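Protein chains: 2
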Amino acid sequence: MSRQPPQPSALQETTLSSEGVFEGRFLRVWRDTVRLPDGAQAQREYIKHSGAVMVIPLLDNGRVLMERQWRTPMRRVMIEFPAGKLDPGESWMACAARELREETGYSAAQWAYIGGINNAISYSDEVIHLAFARGLRPGSAQLDAHEFLEVFEAEPAQLLEWVRSGVVTDVKTVIGSFWLDKLLGDQWPLAWRSADATD
Amino acid sequence: MSRQPPQPSALQETTLSSEGVFEGRFLRVWRDTVRLPDGAQAQREYIKHSGAVMVIPLLDNGRVLMERQWRTPMRRVMIEFPAGKLDPGESWMACAARELREETGYSAAQWAYIGGINNAISYSDEVIHLAFARGLRPGSAQLDAHEFLEVFEAEPAQLLEWVRSGVVTDVKTVIGSFWLDKLLGDQWPLAWRSADATD
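The listed protein sequences correspond, in order, to chains A and B.
Going by the numbering used here, the letters in the first sequence line up with residues 16 to 214, in that order.
Going by the numbering used here, the letters in the second sequence line up with residues 16 to 214, in that order.
By construction, these hints were calculated from the structure, which means they are not laboratory data.
Computed from a predicted model, the values in this text were never measured in an experiment.
You may find that some hints are simply not true.
What the simulated footprint calls covered on chain B by chain A, stretch by stretch (three residues with Cβ under 8 Å from a Cβ of chain A suffice, anywhere in the stretch; the number is not a length) [to be verified]:
#1 35–43
#2 181–189
One-sided and incomplete, this derived list gives chain A residues near chain B with beta-carbon spacing under 10 Å [claimed, not checked]:
#3 Val49
#4 Met108
#5 Ile136
#6 Leu164
#7 Trp207
#8 Ser209
The beta-carbon is built from N, C-alpha and C at its ideal position, and this holds for glycine as well.
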């Protein structure tokens, strides 16, 4: 995910100063003073985020493992792929394996990394790493105390129809569904690696 | 985008109180105290956002209109479809037409709404409405003072390759690219309406 187009200097902003302006229990907001390409100054506010990982778990029966979870900002239950925040220093695969195990009980024999996506580029530095998992074996979920979610299996064709019709609206899950469609259509092959491989 | 699966009460959180805890120049953070399904209480923090609209502008030459823009939280230039925030009370089509005209100079004869996506469901209530535009006619861009972006034309096949290879990572643009792929593959037809239609 590192290849980027040239960075036209006509667009670049230069950060002159940066300060934390809100430290909540979960959210941290920073404010930068920047110099614009025309020399004027402006301010930008954004959340500093530790990053996250989402897993698209491919079951041997052809279905994918998904979750229903209440999301307070949305005031409703959302359909999502398993995901969670990176711990400090944690690799994407360690985080993916941990979240998959904690939330669903499953462990995976193989992983394929597909890239990172940026979900709120005007006000958050978050990157969500996306990975496929296969060779799944069930176990016992280990939800955090006071964490509530339902795990279920979905047919890929059904999932894509949920994306089209607006039942699934969570961006990471929408993008994962499209990648799944490309994978199953033999258009976008993956580079699989063993779960035992070191990073 | 309104059809939703049943809301299992086993997952629902009830908001007991809600207070603004940060009012920045651009960002507003709220903190809710919620009752969890097991009766315990917890706190949630999230950004209240006015919502946004993104346009996938289909040129008569088969290309799509795109932008390069510096995004301070990401510290780099991002490739995006034209987008902007909803003004209070503004319809998606009015906002889409306004942002397209301001940022690129183009106006559209026809629009097709495809739905809303939620880009940060754990910490923002933002919805980004997505729409296709066609019958594009050029005009003069009217950027806000101190707004800098480059407009360019992209081939749909090139754009999809940028998504696959990680050159395009902005979630709204990634999802728009996949929808474009479905449209051009005659898999997901659109319901077009005239730009003159009232909402």
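Hints, one by one, checked against the model:
1. 35–43: With 6 residues in contact (Cβ-Cβ under 8 Å with chain A), the coverage given for the region 35–43 of chain B holds.
2. 181–189: holds (count 7)
3. Val49: 6 Å, holds
4. Met108: 17 Å, violated
5. Ile136: 4 Å, holds
6. Leu164: Holds, because the Cβ-Cβ distance from leucine 164 of chain A to chain B comes to roughly 7 Å (cut-off 10 Å).
7. Trp207: 17 Å, violated
8. Ser209: 23 Å, violated
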